[in-house]
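Undergrad: So you can see what is in the structure, the chains are spelled out below.
2 protein chains.
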Amino acid sequence: MEQMGLLIVLSGPAGVGKGTVCTALRARMPEIVYSVSATTRQPRQGEVEGVNYFFKTREQFQDMIARDALLEHAEYVGNYYGTPRDFVDRTLAGGKDVILEIEVQGALKVKKNFPEAIFVFLLPPSLDELKQRITGRGTETQDIIDTRMNVAVEEMNLLSHYDYAVINDEIDAACDRIRSIIIAEHCRRERFMPYVTGMKTTIEKA
Amino acid sequence: MEQMGLLIVLSGPAGVGKGTVCTALRARMPEIVYSVSATTRQPRQGEVEGVNYFFKTREQFQDMIARDALLEHAEYVGNYYGTPRDFVDRTLAGGKDVILEIEVQGALKVKKNFPEAIFVFLLPPSLDELKQRITGRGTETQDIIDTRMNVAVEEMNLLSHYDYAVINDEIDAACDRIRSIIIAEHCRRERFMPYVTGMKTTIEKA
Numbered sequence: 001m002e003q004m005g006l007l008i009v010l011s012g013p014a015g016v017g018k019g020t021v022c023t024a025l026r027a028r029m030p031e032i033v034y035s036v037s038a039t040t041r042q043p044r045q046g047e048v049e050g051v052n053y054f055f056k057t058r059e060q061f062q063d064m065i066a067r068d069a070l071l072e073h074a075e076y077v078g079n080y081y082g083t084p085r086d087f088v089d090r091t092l093a094g095g096k097d098v099i100l101e102i103e104v105q106g107a108l109k110v111k112k113n114f115p116e117a118i119f120v121f122l123l124p125p126s127l128d129e130l131k132q133r134i135t136g137r138g139t140e141t142q143d144i145i146d147t148r149m150n151v152a153v154e155e156m157n158l159l160s161h162y163d164y165a166v167i168n169d170e171i172d173a174a175c176d177r178i179r180s181i182i183i184a185e186h187c188r189r190e191r192f193m194p195y196v197t198g199m200k201t202t203i204e205k206a
Numbered sequence: 001m002e003q004m005g006l007l008i009v010l011s012g013p014a015g016v017g018k019g020t021v022c023t024a025l026r027a028r029m030p031e032i033v034y035s036v037s038a039t040t041r042q043p044r045q046g047e048v049e050g051v052n053y054f055f056k057t058r059e060q061f062q063d064m065i066a067r068d069a070l071l072e073h074a075e076y077v078g079n080y081y082g083t084p085r086d087f088v089d090r091t092l093a094g095g096k097d098v099i100l101e102i103e104v105q106g107a108l109k110v111k112k113n114f115p116e117a118i119f120v121f122l123l124p125p126s127l128d129e130l131k132q133r134i135t136g137r138g139t140e141t142q143d144i145i146d147t148r149m150n151v152a153v154e155e156m157n158l159l160s161h162y163d164y165a166v167i168n169d170e171i172d173a174a175c176d177r178i179r180s181i182i183i184a185e186h187c188r189r190e191r192f193m194p195y196v197t198g199m200k201t202t203i204e205k206a
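Quick mapping for you: the protein sequence lines, in order, are chains A and B.
Numbered according to the UniProt record's numbering, the first sequence spans residues 1 to 206.
Numbered according to the UniProt record's numbering, the second sequence spans residues 1 to 206.
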């Protein structure tokens, strides 16, 4: 049975390990396509157009904003970054799932523009664990750590806007949970109604 | 994080392979508890009370019906069969998931009495495949096969009352889908709201 692909939005507070989980998931589910962002920043050595980013001029990017061609966008240190809707739409129409890894505020913008996506929130195993991950290299001041922890806790309160939560206690377990969520979403009853209606028509004609 | 267990109701038309899938799932997910039915029929050689069935007298069973102690029940060739609510409730409260394998009409009764259960419908890969499975040993008349096929197609139209559909094309794939549904349901955001609220309280007190 041919199905449309699903957009899975993977989000969570800074330090929770979104990138690590995504890399591990890529290896385990090579059939999934990762959303490619558009940006106005200069390509770095080795970066490939359409693979790492869609590189745009400032004018092109502003035109995309005006045409509502982005699922979300933000400006960061003088450059635009955003998620082109077209790439996602075309991939889903081809029957492939797309994963979009994004911070919490961006995910909420995607939800407004693409409410049918599956929103997954990555949670730390505990606040202590998150603090350790944020403290990381030990180069941050106590003030910065406190601010980041407060932001993380505020963001965790936005869990209510998400469909699923996955605790990132262990990378294999977290990947297995995300994979399960994707498979389960493909098994939702609504997706099978045409299949069953088709069977009914077949037997009535027989 | 300690969670309540989930009741998973696995159903589908006769011939679709519910029993085979359940047996395979048991081997793959030994942590899941299978619902034990109550019955008024006599125990057979080797059957153990509380393992194969809860054996009841007709009076005891009728008393359970009157007390609303069954999630569903039916009479079949002069004997009562039913699903005791108490066994399910106690197992879920202990944090274990319960699987209930049941035909379609029984599942709809369970839905009335236990709407928070997860309802999974097992579908045949095709009508031809279902016909082959129903024809089976080749001892059935054409009339009986036609009737069963019509019942199966009518039952498949009741898919709209279920949460998920799983095509039983290959036993390993079907088991993996059901396992994924169970894991995904444990990741539903609602189940994590207390966890997040707890974190917020911790940091505010700090």
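Incorrect hints may appear among the rest.
Below, simulated DSBU-like cross-link-like pairs (lysine-lysine); rule was C-alpha separation at most 30 Å, straight line [stated by the list, open to error]:
no. : chain 1 : residue 1 : chain 2 : residue 2
1   : A       : Lys111    : A       : Lys56
2   : A       : Lys200    : B       : Lys111
3   : B       : Lys112    : B       : Lys18
4   : A       : Lys111    : A       : Lys18
5   : B       : Lys96     : B       : Lys56
6   : A       : Lys109    : A       : Lys96
7   : A       : Lys112    : A       : Lys18
8   : A       : Lys56     : A       : Lys109
9   : A       : Lys18     : A       : Lys109
10  : B       : Lys109    : A       : Lys200
11  : A       : Lys200    : A       : Lys112
12  : B       : Lys18     : B       : Lys131
13  : A       : Lys109    : A       : Lys131
14  : A       : Lys111    : B       : Lys18
15  : A       : Lys96     : A       : Lys112
16  : B       : Lys200    : A       : Lys131
17  : B       : Lys18     : A       : Lys200
18  : A       : Lys111    : A       : Lys96
19  : A       : Lys18     : B       : Lys200
20  : B       : Lys56     : B       : Lys109
21  : B       : Lys96     : B       : Lys111
22  : B       : Lys131    : A       : Lys200
23  : B       : Lys109    : B       : Lys18
24  : A       : Lys112    : B       : Lys200
25  : A       : Lys96     : A       : Lys56
26  : B       : Lys131    : B       : Lys109
27  : B       : Lys96     : B       : Lys112
28  : B       : Lys56     : A       : Lys200
29  : A       : Lys109    : B       : Lys200
30  : B       : Lys111    : B       : Lys18
It is worth saying that the hints were derived from the structure and are not from the lab.
Undergrad: Indicate, hint by hint, whether the structure satisfies it.
TA: Status of the hints after comparison with the structure:
Under the criterion of a C-alpha separation no larger than 30 Å, the hint pairing lysine 111 of chain A with lysine 56 of chain A is consistent with the structure, at around 24 Å. Taking the CA atoms of lysine 200 of chain A and lysine 111 of chain B, the gap is near 24 Å; set against the 30 Å cutoff, the hint holds. Annotation: proposed proximity of lysine 112 of chain B to lysine 18 of chain B holds, straight-line Cα distance about 21 Å (limit 30 Å). Using a Cα cut-off of 30 Å, the hinted pair lysine 111 of chain A and lysine 18 of chain A holds, with the two alpha carbons roughly 18 Å apart.
With a C-alpha separation of about 25 Å, the suggested pairing of lysine 96 of chain B with lysine 56 of chain B holds against the 30 Å cut-off. With a CA separation close to 22 Å, the supplied pair lysine 109 of chain A and lysine 96 of chain A stays within the 30 Å bound. For a cut-off of 30 Å, the pair hint linking lysine 112 of chain A to lysine 18 of chain A stands: about 21 Å separates their Cα positions. Only pairs whose Cα atoms come within 30 Å are accepted, and lysine 56 of chain A paired with lysine 109 of chain A is accepted, the gap being roughly 21 Å.
Distance check on the hinted pair: lysine 18 of chain A and lysine 109 of chain A sit about 18 Å apart at the alpha-carbon level, within 30 Å; holds. For the hint linking lysine 109 of chain B to lysine 200 of chain A, the alpha-carbon distance of about 24 Å falls within 30 Å, and the restraint holds. A threshold of 30 Å between alpha carbons decides the hint, and for lysine 200 of chain A with lysine 112 of chain A the separation of about 37 Å lies outside it, so the pair is violated. Distance hint between lysine 18 of chain B and lysine 131 of chain B is fulfilled; the C-alpha atoms sit about 15 Å from each other, no more than 30 Å.
With a CA separation close to 27 Å, the supplied pair lysine 109 of chain A and lysine 131 of chain A stays within the 30 Å bound. A threshold of 30 Å between alpha carbons decides the hint, and for lysine 111 of chain A with lysine 18 of chain B the separation of about 38 Å lies outside it, so the pair is violated. The hinted pair formed by lysine 96 of chain A and lysine 112 of chain A meets the criterion: a straight-line CA distance of about 22 Å does not exceed 30 Å. This hinted pair checks out: lysine 200 of chain B and lysine 131 of chain A have alpha carbons roughly 14 Å apart, not beyond 30 Å.
With a C-alpha separation of about 21 Å, the suggested pair lysine 18 of chain B and lysine 200 of chain A falls inside the 30 Å cut-off, and the hint holds. Distance hint between lysine 111 of chain A and lysine 96 of chain A is fulfilled; the C-alpha atoms sit about 20 Å from each other, no more than 30 Å. A threshold of 30 Å between alpha carbons decides the hint, and for lysine 18 of chain A with lysine 200 of chain B the separation of about 21 Å falls inside it, so the pair holds. Pair hint lysine 56 of chain B plus lysine 109 of chain B holds up; C-alpha atoms about 21 Å apart against a cutoff of 30 Å.
The hinted pair formed by lysine 96 of chain B and lysine 111 of chain B meets the criterion: a straight-line CA distance of about 20 Å does not exceed 30 Å. Of the supplied pair hints, the one linking lysine 131 of chain B and lysine 200 of chain A holds, its CA atoms being roughly 14 Å apart against a limit of 30 Å. For the hint linking lysine 109 of chain B to lysine 18 of chain B, the alpha-carbon distance of about 18 Å falls within 30 Å, and the restraint holds. Restraint check for lysine 112 of chain A and lysine 200 of chain B: satisfied, since their Cα atoms lie roughly 26 Å apart, inside the 30 Å limit.
About 25 Å separates the Cα atoms of lysine 96 of chain A and lysine 56 of chain A, which keeps this hinted pair within 30 Å; it holds. In summary, the hint linking lysine 131 of chain B to lysine 109 of chain B is supported, as the alpha carbons are separated by about 27 Å, within the 30 Å threshold. Note on lysine 96 of chain B and lysine 112 of chain B: the hinted pairing holds, with a Cα-Cα distance of about 22 Å set against a maximum of 30 Å. A hinted pair counts as satisfied when its Cα atoms are at most 30 Å apart, and lysine 56 of chain B with lysine 200 of chain A does not qualify at roughly 40 Å.
For the hint linking lysine 109 of chain A to lysine 200 of chain B, the alpha-carbon distance of about 24 Å falls within 30 Å, and the restraint holds. Proposed proximity of lysine 111 of chain B and lysine 18 of chain B is supported: the alpha carbons are some 18 Å apart, at most 30 Å.
When each numbered hint is compared with the structure, violations occur for hints 11, 14, 28.
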